[in-house]
Every structure is written in structure tokens, then in C-alpha cells.
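*Asks:* Sequence order for the protein chains is A and B.
Going by full-length UniProt numbering, 237 is the number at position 237 of the first sequence; the sequence numbering is gapless.
Going by full-length UniProt numbering, 226 is the number at position 226 of the second sequence; the sequence numbering is gapless.
One thing to keep in mind: the hints can contain errors.
Calculated pairs, DSSO-like style, for lysine-lysine (alpha carbon to alpha carbon, straight line, at most 30 Å) [stated by the list, open to error]: (1) A:Lys423 to B:Lys81; (2) B:Lys98 to A:Lys454; (3) A:Lys37 to B:Lys81; (4) A:Lys237 to B:Lys81.
Short derived list, chain A residues pointing at chain B, Cβ under 8 Å [unchecked claim]: (5) Gly235; (6) Asp263; (7) Asp268; (8) Gly276; (9) Gln312; (10) Trp313; (11) Ala316; (12) Ala415.
Hint data in this document are derived by calculation from the structure and do not stem from the laboratory.
Quick reminder that beta carbons are idealized off the backbone N, C-alpha and C, glycines included.
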Amino acid sequence: MRLTKTLSVVAPVVLALGLAACSGGGDDGGSGGTAAKPTNCTNKIVKEDAPRVLVWAWYPNMAKVVDNFNNQHTDVQVCWTNAGQGQDEYSKFQTAVSAKKGAPDVVMLEADQLVGFEIQDALVDLSPYGANDVKKNFSEGAWKDVSQGDKVYAAPIDGGPMALIYRTDVFAKYGITKPPTTWAEYAEDAAKVKAAGGPPFGDFASNVPAVTTALMIQKGATPFQYDLADKQNIGIKVDDQATKDVLNYWADLSTKKLIGKEDQFTTDYVAGMVGGKYATYVSAAWAPGYLTGAGVGNGSSKGKFAVAPLPQWDPASPVSVNWGGSAFAVTSQASDKAAAAKVALGLYADEASLTDGWKTQTIFPLNQSVLKSDEFINAKVDFFSGQTANKDIYIPAENAYKGAVYSPFTVYYYAQLQAQIVKLNAGQTTGDKAATDLQNALVTYAKSQGFTVK
Amino acid sequence: MVSTTPPTALSAGAVVPDTPAAPGGRRGSARRHWVGWFFILPFLVVFLAFLVAPLAYAGYLSLYTKGLATGTTFAGIDNYKRAFTDPSFLHGLWFVLKFSLVVIPLQVFVALAAALLLDEIVGRLARFARLIIFLPYAIPVVLGSLMWGFLYSPSFGPIEQISTLFNVQAPFLLSQGNIFYGLLNVVTWQWAGYYMIIIYAALQGIDTSIYEAARTDGATARQIAFRIKIPMITPALALILVFALIGTLQFFVEPKVLGPIANGTVTPDFTPNIYAVTLALQYAQFNYASAISFSLGFVVFLAVAIFMFVTRKRGSLFT
């Protein structure tokens, strides 16, 4: 899951900025001693004398998931702590990795963060611990996202196939009869709504660089080429034509004020979503659950949302992309790696937990047992006024997803891309220049970190 | 009255230690020496453990370098060379220097004006005004920043509501072009009251008979303020200028708190301190982050030294 997505969970209660402010000084998330038995668990331990595995995770329904696991297992028990969401947790984990102590046994990570920790030898290869036994439960793309060659560094839980969420009331009011299927149509519709005095058609937010990256990949960019087996070498290509085109496209819409440039998941943004300030939302399958949690789709905005497949550049050869999605990894600081692997592979893999997750739409499950179940396929999604969104949109998108290659310095890359998006939105740079600057910054950084840039 | 009390206390303080020492002779003074160390021991332990030791460790870290694809190697002063050529660090440094040059005169001016006014008026209104001006300082910086984040909000803040009344687009004070002023306002609001109290206390310490003498000589209230009060409180002014300089160069909390709603304007290298934290906790570059911290410390030290050199004649507090 993206940091921003998780922020939205609490957004209705607190100002989003309040969250960020509090997160720095949050509770320290478990003592995490590797040898000592963890005791300050958030959950209740069912079997007192079983070995305990300390888990950091932030799924909104994690309490239920942990109870499900502990009730079903007598040989191992999960001791769960919420050590923060997204970047907050990664910062703590990174510090523990650097300090060589204080890490949990199992940690929740997004797919784009894995390789950055793998390269620091912070994660354990799960293939000797039975990872390949569960491989059949996942699609090829989902499995590729957590693997490096034959090595498997995490158990996938949820994914984020992307689609176009839109406001039916705004579309009807401004005469958009069918959702755009190509990005060219998207731009035309945006201009049409704007000309009729309508709201921004979408949003080019700087704080979701993962979305922009996904859209770059959709156009054909391959930002990174990296193989952990060849640790020193990295391929960086973010100044190709595809990247430039995508950045130019969004910068153009933004500077013409056809779309907004507000950051997502702030209180202002959520208020805008409720009030119909944005006609569309380019987002992932987990978005409805998080938007619902933030108060969108209730009251005045109830029944106003629908979803369509993500617009394409070339409708003849559609490309499916992904935003977010998390996995459980075993850390190399875990004292009992077999027990930790058992938790990583078994937690949130039982039917009760998965069903609870997808029904509340906080996860888009990657487990084939759910993806292929009739109940999931034919589910009429409340948020989309009973649309069978899984069957029509999200499952095809997930099945077409091919996986992506991430760099070992995702955090740095996102920070640089974010800075370029801010400049693009302010009209201070062009897509071409932003891509070139981004490329130069990344190459310099990679070299300073000891990589050889291919 | 006020001005005569401190010297009395001081001279009394100077006499008292001598009296018991006289009969004890040399052995007594040696014991007193030891007892002195004993009294500062709790402070000393804390000081060494939580200030000197971390500093020494950070200094040690800053001499090494660690890349993701390489191990840890001894770097000598390479990290420092890199810091002072790093556009991110220099950009942040330039921002806080610019910010200091505007915010410090502004808040000292506001504080001085308020203190001079409050010194002139008496009664309930004066006490109330004093409290109100001081109040922002009593609010924790994080909460103050959160509050301003709400006030600046383009969807439901008062700025937006007022703009709607006049049917104009509300300015977003945290946008790239405006954030300098947006932060300027927050910092001045937060700190001017604190500086006002320091200046006000210094003004209260001035012997009122001087004003009487001045009035007898025909001085106006304005002349008293500019010719007597301000010159007499220059040590206090010098003190708050140094405080403000050190604080502003280490600018961190306000931009960090307002960052998440600033649409990406607060970059990871917005100020040197934010950059150091990002380097250490997000990019896992503890070595380079230590070097950045020390480099910032060096710049702060240099800035304060220059300031004290320039003001050495007036600021009797430091000479």
C-alpha cells in the first residue's frame, strides 16, 4: 500500500497534516529484541507457550487477521505491532537495519521497497522455507514483484491494479456520455468539462510519484533494470521518450488548469472528492475502501462513483499497471527464521481474513483462491453503486499485469520525481527537461552509492 | 528600586562564600572544591551521555562513507567536501539564510514595538495585551503549525471563505511562490511574543528616575523610547538576535509539519536540518547525514561569530 493511501484511513478524523506531525513521535513499535520473547503485543496471545513472531503491519483490519492466525496455530503465535504506515514504518525499519538490531521478525513492505532492503541483506530468501509451495496461489506478475530470480523475498498479500474512477454526476452534468478509453479522449473530455465551467477533470499530485511511475511504465518506459544477482550494476532510463511524453501530457493538462495539482489524501483533497471537485480519479483497486474510510461515498457523495478501465495510449495493445500492494517479508534479524517464514506465508492467507479484507475493500487480494471465487468475481460493489467492478475492471487488469522492476533506492527516486512534479505543476520546467534532470540526479546518486550505471 | 536590588544580592553572594572558608583554611577549600564537582555530577553525567558522546559518535560516523552497493570505507573529510558542493545542502542553506535575513528583523521589530508600547501603558488592558501577545509562544510549535495549516487550507480555511465572499481565487500560502511568506507569518506569530517578553523584562529593569530626569530636560515620549530605552536594552536585543539566528538556521518543525499539505513544496532538502533527517532515516545515509549536521553546526557557529563580532561594541552581554 502507498503511504498516502493509508493516510486516508484516519483523514476524516484528523487533519492529514496532523497525522504526519504525530507520526514522527509515535510509539516505538515494540522492543524488537531478536532473542528475547516479544511481550508488548497489540493483540492477545492465544497460546502462551508457543514461540512468538513479532510482526509490523498497518492493514486496517490487522487485528482480525492476527486473531485469525493465532486461533488457527498452536505452534507459533503472532505478536503484532503497528509501527506506522508506509514511509513511517520504512524509516523505523531502515534505522533498525542500520543499527543491526531492533527490527521485527516479519515486516510489511510494499513491492517497490523490497529490493532496497534486499540489497542491505535485511530480508531472508523464503524459498528454503516453503515459499514455492504457495507460488501457485499467485499470478506471475504478483510473484515477480516479490522475487529476484529463484529467490523469494516476501509473500504477496494485496495488489493495486489501476483503473479510472469517475463521478457519474459530473459526467452526466457536462455531457460526457462514456468514460474515456484513451488518454487522448481523457484530455478532450477534460477540455470539454472545463469549457462548460466544470471542475478539474483529475489531479496531477506530487505526493503519489508511484502513480506517475506506473503511468510512465504504461506508455512503455522501463525506469530501472536491476538484478540482485548482479548487485553492482543498475540500468536507469527515465529520460526516454515515453517518460517525457507522460510528463508532458500531465504537465500540459495541469498548466491549462484542466486538472488540479493538489496532493492526494490530504483533508483538502478528501473534501474535494466528496464535493465532486474532481471528475475522475486515476487510482488502484484498493482506493474505494480507503476513500470510504475517509468519508467519501457516504451522504451527499453516495452512489456518485463508477469505475472504468484505465485509459490507454494505444487501445490496440492495452497495458495494465499497478499502484501499491504489500507483502510480508522475513527480516534477517529474526531469531527463528522458520517460524517467521511460517507467519509471513500464512498470515492474511486464510479465507476469513482475505474475505474480510476484500469485502471492506481495504485490500485487493492477490491470492488466486479469492480471485477465482464466484463470490469475489460477481460481487456488486457498493461504492460503485452495485457495479461488478471486480469482474469487469479489476480482475482483468490484475491478470494482465506483468510485474515491474524497482530500484534499490525507491525512496530517493520518488523524492526526486516528486520535486519534478511540483516544478511541472508550477510551469517551471517541461516534461523533457524534468525527465533529463531526473535521469541526471538518479545517475549521480547511483554512482555515489557505488553502483555502476549501465 | 528594581535596579538597586541585583547589585545588593550580588555583593551579598560574593561575601557569603568567603565567610565559612576562613576558619577551615586550605583543607576546607579543597573539600569545597570536591563538593562542587559532586554537585554538578548529575548534570555532568547527563551532559556527557546525551550531548558529548552522541556528538563524538556523529563526528566519528561523518568520517566514513557507506554506499548501498559498497561497504563502509574510511572517507576522511570527503563527506564534508561533498556537503559544501552538494546542491541540496547549499540550496537549503541559502533558504534558511534568506529566511533569517527577513524573519529576524521582522520579529525583533514586532517584539520591540509591542514591548515599548506595553511599557508605556499600565492597567488591566496592558496585562491582558501582554498575555495575548505572549500566548502564541505558549502554544507548542507543532500545534501552532497545524493550526496555521488549517487557516491556510484552500478548501475550508478562513482565507478561502473570505475570498469566496469577494468571488476571487484564494491565494494558497504554501504554494511554491508563497511558502516563504506563509512560513514567515507562522514563525513571526510564534516567536515575537517570546522576544517581546525578554525585551519587556529588560525595559522594566531600567531605573524610572532616568525617565524623570529626561522629562525634566524636556524629552518627549518618543525621544525617551529611542534615545534612552532602546540603547539601554541593547544587550537584550543582542541576546534575542543570537537566539533567533541559531533557531532560524536550524529551521525544521514548521516546514516539516506543513509539508504534507504544501503540495510537495517542502522538498526533502528544504532546509539543512530536514535534509539531514531525510538522509539518515529515509536514505539510510547516516554517515553523510552526520557530516551534513556538523556542516550546519559549523555554519551556525560561523554566523553567530560574525554577528557577535559585528555587534561587539554594543552587545555588552558578550564582551
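*Asks:* Run the structure past the numbered hints and jot down the numbers of the failing ones, going up.
*Replies:* Of the numbered hints given earlier, those the structure breaks are 2, 3, 5, 8, 9, 10 and 11, listed in rising order.
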